[in-house]
Every structure is written in C-alpha cells, then in structure tokens.
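A.B. asks: Residues per chain are reported as follows:
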Amino acid sequence: MASPLILAGKPVAEKFRLAVKRRVEELCAVGKPPPSLNVIQVGDDPASTVYVRSKLRTCRRLGIEHKLHHLPETTSEDELLDLIARLNKDSSVHGILMQLPLPKRMDASRVLFAIDPMKDVDGLHPVNVGR
Amino acid sequence: MVVDVGVNRMEDENGKESLVGDVDFDAVLPKVSAISPVPGGVGPMTIAMLMVNVLVAYEEQLRR
Chain A
1 MASPLILAGK PVAEKFRLAV KRRVEELCAV GKPPPSLNVI QVGDDPASTV
51 YVRSKLRTCR RLGIEHKLHH LPETTSEDEL LDLIARLNKD SSVHGILMQL
101 PLPKRMDASR VLFAIDPMKD VDGLHPVNVG R
Chain B
1 MVVDVGVNRM EDENGKESLV GDVDFDAVLP KVSAISPVPG GVGPMTIAML
51 MVNVLVAYEE QLRR
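From first to last, the protein sequence lines are chains A and B.
Residue numbering for the first sequence follows our numbering, starting at 1 and increasing by one per position.
Residue numbering for the second sequence follows our numbering, starting at 1 and increasing by one per position.
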C-alpha cells in the first residue's frame with residue numbers, strides 16, 4: 001500500500017490566514033472599517049481560556065478587531081441573552097462567538113439560537129448547522 | 001482515513017507533557033490511507049476557518 005497521506009492542517013491554515021489578512025488590508029485601504037469579532041466566555045474553563053486566547057491572537061495578527069466579553073461563572077442565562085441581543089444589534093460587531101462549554105445549568109441550544117445567524121461565525125445556529 | 005479532532009495532554013515516563021489526539025498515530029499509520037496529526041492537523045484549521053467565516057460574515061453585512 002502507498003504510504004498514508006498526512007493531512008497537515010498547519011500549512012493549509014497558514015494559506016487561509018494569509019488570504020484573510022490580505023483581504024482585510026485591501027478593505028481597510030479603501031476606507032472600510034475592519035471586521036470585528038466578539039467572543040463571549042462564561043466562567044474559567046482552562047481549555048476555553050487557551051482557545052479564546054489563541055482566537056484573539058489570530059484576530060490581532062490578521063487585522064481583525066476583537067473583543068472578549070468574559071463573564072463570571074455566576075452569570076444568569078438572561079444576562080447572557082441580553083449581551084447577545086446587544087451584540088446582535090450593534091452594527092460594528094460582525095461576528096459573535098460563544099465559547100463552549102457553557103455552565104451545565106444553562107440551555108446551550110437556546111443561547112446559540114439567540115445569536116443572529118448572520119453573525120454566527122462558528123456555524124452553530126440551527127439555520128447554519130449542516131451548511 | 002482518520003481525521004482526529006481529539007486534544008489530550010499526555011505525560012511520558014520522564015514527566016514531559018505533550019499533546020496527542022484520540023488515535024494512536026504510530027500504531028494506525030500502517031493501516032490508514034490518510035490521517036491528520038495532532039498537533040498541526042485539525043486544530044489550526046478550526047481557527048483559520050473561523051477567521052474566514054468572520055471575513056465572509058463581514059462582507060455580507062457590508063453589502064446590506
């Protein structure tokens with residue numbers, strides 16, 4: 001049998017990142033505001049903290065505006081839904097990423113459903129799942 | 001064909017930590033036609049495609 005193909009994501013990811021960076025520079029050069037990603041993290045799951053940091057660092061490198069809404073573990077579901085509603089309405093926010101997992105007491109599908117499908121950059125809204 | 005989305009911390013006999021996937025890479029290597037490594041396989045792609053999605057969402061919203 002031929003030797004297996006190693007599906008190395010790293011160089012492919014680098015190509016995509018570079019393409020995004022170039023496009024953002026192009027748009028900014030013609031006076032467009034930079035794209036903006038808002039990340040929401042509830043609580044302090046250590047793995048989530050690592051992932052969030054890595055996502056925000058990548059945004060910074062590509063010229064994408066980024067903001068972290070780091071809410072305490074004790075945040076109520078309604079408070080979280082209020083924040084999402086606010087970000088949905090804010091036209092300067094283009095992407096909303098809900099870092100999972102949420103505290104177990106929360107209804108994750110209800111929270112994800114609240115994100116405007118247009119801004120659902122993780123593709124977890126029912127309208128986007130499976131596309 | 002293996003696409004390994006697992007991320008696990010493993011300690012070797014010298015107490016050195018490393019990241020491994022869910023699949024025993026070296027053991028299955030002779031049996032697969034394709035396999036993604038951990039790290040450097042699925043992980044970097046998830047963040048890169050997130051960035052692509054942000055750009056796509058942004059450009060769609062600009063057009064509205």
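Accuracy of the hints is not assured; some may be wrong.
Said to hold, decoys possible - Calculated lysine-lysine pairs in the DSS-like style (CA-CA distance at most 27 Å, straight line): (1) K15/A x K16/B; (2) K32/A x K104/A; (3) K21/A x K32/A; (4) K10/A x K21/A; (5) K10/A x K89/A; (6) K10/A x K16/B.
If you're looking for bench data, these hints aren't it; they were derived computationally from the structure.
All values derive from a computational prediction rather than experimental measurement.
A.B. asks: Quick check: which numbered hints come out false for this structure?
C.D. replies: As far as the earlier hints go, 1, 2 and 5 are violated by this structure, in ascending order.
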